[in-house]
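All chains, full assembly: derive it from the sequences and hints.
Residue numbers (our numbering): 1 to 502.
Just so you know, the hints here were simulated from the structure itself, not pulled from any lab data.
Only a predicted model underlies this, so the values are computations on that prediction, with no experimental measurement involved.
Cβ coordinates follow ideal geometry from the N, Cα and C atoms, glycine included.
Just to be clear, a hint being listed does not mean it is correct.
In silico SDA-like pairs for lysine to any residue, Cα to Cα no more than 20 Å straight-line [what the hints assert, rightly or not]:
#	residue 1	residue 2
1	Lys501	Met457
2	Lys210	Ala330
3	Lys501	Asp484
4	Lys486	Gln442
5	Lys267	Met307
6	Lys118	Pro334
7	Lys501	Ser440
8	Lys501	Val426
9	Lys486	His364
10	Lys501	Ser342
11	Lys118	Gly224
12	Lys118	Lys486
13	Lys501	Ala422
14	Lys267	His292
Restraint-style ranges between C-beta atoms, simulated for each label pair [said to hold, decoys possible]:
#	residue 1	residue 2	range
15	Ile351	Gly491	22 to 30 Å
16	Phe333	Gln449	28 to 36 Å
17	Asp341	Met502	45 to 53 Å
18	Thr172	Thr248	21 to 29 Å
19	Asn393	His292	50 to 58 Å
20	Glu6	Ile351	21 to 29 Å
21	Gly37	Ser447	53 to 61 Å
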Amino acid sequence: KSGQTEETSTHFTVFNSLAQRRTSVVGFPLAGVLDPGVNGVGVRDARGDPVQAQLSRQNDTVYIVANVSSLSTASFDIVSPCTSDCAELPTITEGVIDLSNTHGTTVTMAESTGLPEKINGVHAQHRYAQYHAEQGGPYVLIETDSASPLPAHSLLGSVSAIGPIFQEVESTFDLGYNSSGDLISTTRVYTDPDCEQAGIVEIQHGVPEKIGDNRELIMHVATGLATDGSLWTDESGLEMHERAYDPTLPISGNYHGLVLSSSIRAKRSSEHSKSQHSTENSAKQMSILTQHTMGVASLGNGEIEYMMARNIVNGTDDQGPWPLRQLQGAFSFPTWVMMGDSDEVESNRVISALRLENPLVVLHGDSKAEGKKFRALRRGAHAKGKASPKPMNDGVHLLSFHARQLADDNEEYVVRVQNVVAGSGVKTVDLAASVLNYASCQEMTLSLQEERATNEMHRLIWKTKGGSEDDTSPEAYFVNNDVDCKSVTLGPLDIRTFLLKM
1 KSGQTEETST HFTVFNSLAQ RRTSVVGFPL AGVLDPGVNG VGVRDARGDP VQAQLSRQND
61 TVYIVANVSS LSTASFDIVS PCTSDCAELP TITEGVIDLS NTHGTTVTMA ESTGLPEKIN
121 GVHAQHRYAQ YHAEQGGPYV LIETDSASPL PAHSLLGSVS AIGPIFQEVE STFDLGYNSS
181 GDLISTTRVY TDPDCEQAGI VEIQHGVPEK IGDNRELIMH VATGLATDGS LWTDESGLEM
241 HERAYDPTLP ISGNYHGLVL SSSIRAKRSS EHSKSQHSTE NSAKQMSILT QHTMGVASLG
301 NGEIEYMMAR NIVNGTDDQG PWPLRQLQGA FSFPTWVMMG DSDEVESNRV ISALRLENPL
361 VVLHGDSKAE GKKFRALRRG AHAKGKASPK PMNDGVHLLS FHARQLADDN EEYVVRVQNV
421 VAGSGVKTVD LAASVLNYAS CQEMTLSLQE ERATNEMHRL IWKTKGGSED DTSPEAYFVN
481 NDVDCKSVTL GPLDIRTFLL KM
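In structure tokens form, the structure reads like this:
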């Protein structure tokens, strides 16, 4: 009709890289794609049915709960204007609110810090703090001194939001010390009791480019758990090891690697049951989960801290080289907190850590045609009439799958596959059949810095003591000087990385 706003839409495809069906919250970025404005936006699934959705406070992201089969995709369209079943704007209030969901996850927020002080009824006082390079710290090997909590006046304010998908409290901190911007922390609890984040408390850390000279920024958590300073870390990635606090070492000597997760647990003994916190520490555990490796320590009873950023210009020791800085540019990353009975937390820790490390991958296209093209690429190498990719061999996992935009507006896909079975034989993967029907395939080093063929020309070949040529990983199989990506061989625990161009 005359004067009616024409409906526009954009298409998103969600890919699940884990070999299990997942129900997870996923966000579609709207900046540069659609402007909700006064007309709003709605989300439709592949059948055209409406999907419950929530807009962010800034209207730059729309969130849904997506259900995606293992190693599969799900498609959604964002439409505007929206006349019914529109994405909901959250209810906004100044200050902090307590967070909860029907799954039983509860967070008591502290007005004075803008951060959690209790999780699921257990004391868990969160505070940002900084080490001064002159005092010591995770990377400065001198005498120990505790980190300095951010002063009360550093909290510039908090804003709370309640919506159908999640509740959150966003707090802004002035780091001072010549920092380049504010630290923004968002504590979030997800509402849907069936989503994989339902039992999780998520804290998103928005760290500025520069945190101040000779500073190391940490998150410190003080609990009521009688742990005697014992810390559990997963330096191997999965298997946990107990680390006892050693008072004879500097702070750096008590820091360990947090690869996927780290935990503190209440000791179970008659002595600890006499603690003043005995009503809340009986068989309780708190686990911290991360997407990337960080330093973690427990320097006191019931305490845990993890390092987030550093900017050491010089040090009073000779341990350099200085300066030692984080990556250039501001960055944001999530940590997940699990708190509850030790057996329950431990039974869910590993799978939750894998989900955090491998979130649903969001691929954006300009229309439904892009989604059809993507699904066609996925089907391209299969027998006629089959709509799903060929399963990979048992024990072969797809570690990474994400798109990278090229200068010519084309896309390439980063793919990492691993044979996760130690002591197994060589396994073979057909990337065209199991991942994407590519136009070209190029093998890279794990860090994507160099072609493997170039790297092989000057790489040293290491063998175990007493080993033989048979112990080494299989060489890449070349056809006409190109890697054959339809026959990728993987020895035990091998990881190989590829760029697939469309």
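Consistency of the hints with the structure:
1. Lys501 <-> Met457: Not OK: Lys501 and Met457 at ~24 Å, beyond 20 Å, violated.
2. Lys210 <-> Ala330: Measuring from Cα to Cα gives roughly 8 Å; hence the hint holds.
3. Lys501 <-> Asp484: Measuring from Cα to Cα gives roughly 14 Å; hence the hint holds.
4. Lys486 <-> Gln442: Roughly 12 Å separates the two Cα atoms, so the pair holds.
5. Lys267 <-> Met307: Distance of about 25 Å is beyond 20 Å: violated.
6. Lys118 <-> Pro334: It holds: about 19 Å lies between the C-alpha atoms, which stays within 20 Å.
7. Lys501 <-> Ser440: With a Cα-Cα distance of about 5 Å, the restraint between Lys501 and Ser440 holds, given a limit of 20 Å.
8. Lys501 <-> Val426: Given that 20 Å is the threshold and the Cα spacing comes to 26 Å, the pair is violated.
9. Lys486 <-> His364: 26 Å, violated
10. Lys501 <-> Ser342: 46 Å, violated
11. Lys118 <-> Gly224: Satisfied, since the Cα-Cα distance of roughly 10 Å is no more than 20 Å.
12. Lys118 <-> Lys486: Distance ~52 Å between Lys118 and Lys486 Cα, so the pair is violated.
13. Lys501 <-> Ala422: 31 Å, violated
14. Lys267 <-> His292: 28 Å, violated
15. Ile351 <-> Gly491: 22 to 30 Å: Taking Cβ atoms as reference, Ile351 and Gly491 lie about 26 Å apart, which means the hint holds.
16. Phe333 <-> Gln449: 28 to 36 Å: Once the Cβ atoms are compared, 22 Å apart, the range 28 to 36 Å for Gln449 and Phe333 is violated.
17. Asp341 <-> Met502: 45 to 53 Å: Holds, at about 48 Å.
18. Thr172 <-> Thr248: 21 to 29 Å: At roughly 40 Å between Cβ atoms, Thr248 and Thr172 fall outside 21 to 29 Å, so the hint is violated.
19. Asn393 <-> His292: 50 to 58 Å: Given a distance of about 28 Å, which is not inside 50 to 58 Å, the answer is violated.
20. Glu6 <-> Ile351: 21 to 29 Å: The hint (21 to 29 Å, Cβ to Cβ) is violated, given that Glu6 and Ile351 are roughly 45 Å apart.
21. Gly37 <-> Ser447: 53 to 61 Å: For Gly37 and Ser447 the Cβ distance comes to about 42 Å; the hint is violated.
Consistency with the previously given hints fails for numbers 1, 5, 8, 9, 10, 12, 13, 14, 16, 18, 19, 20, 21, ordered from lowest to highest.
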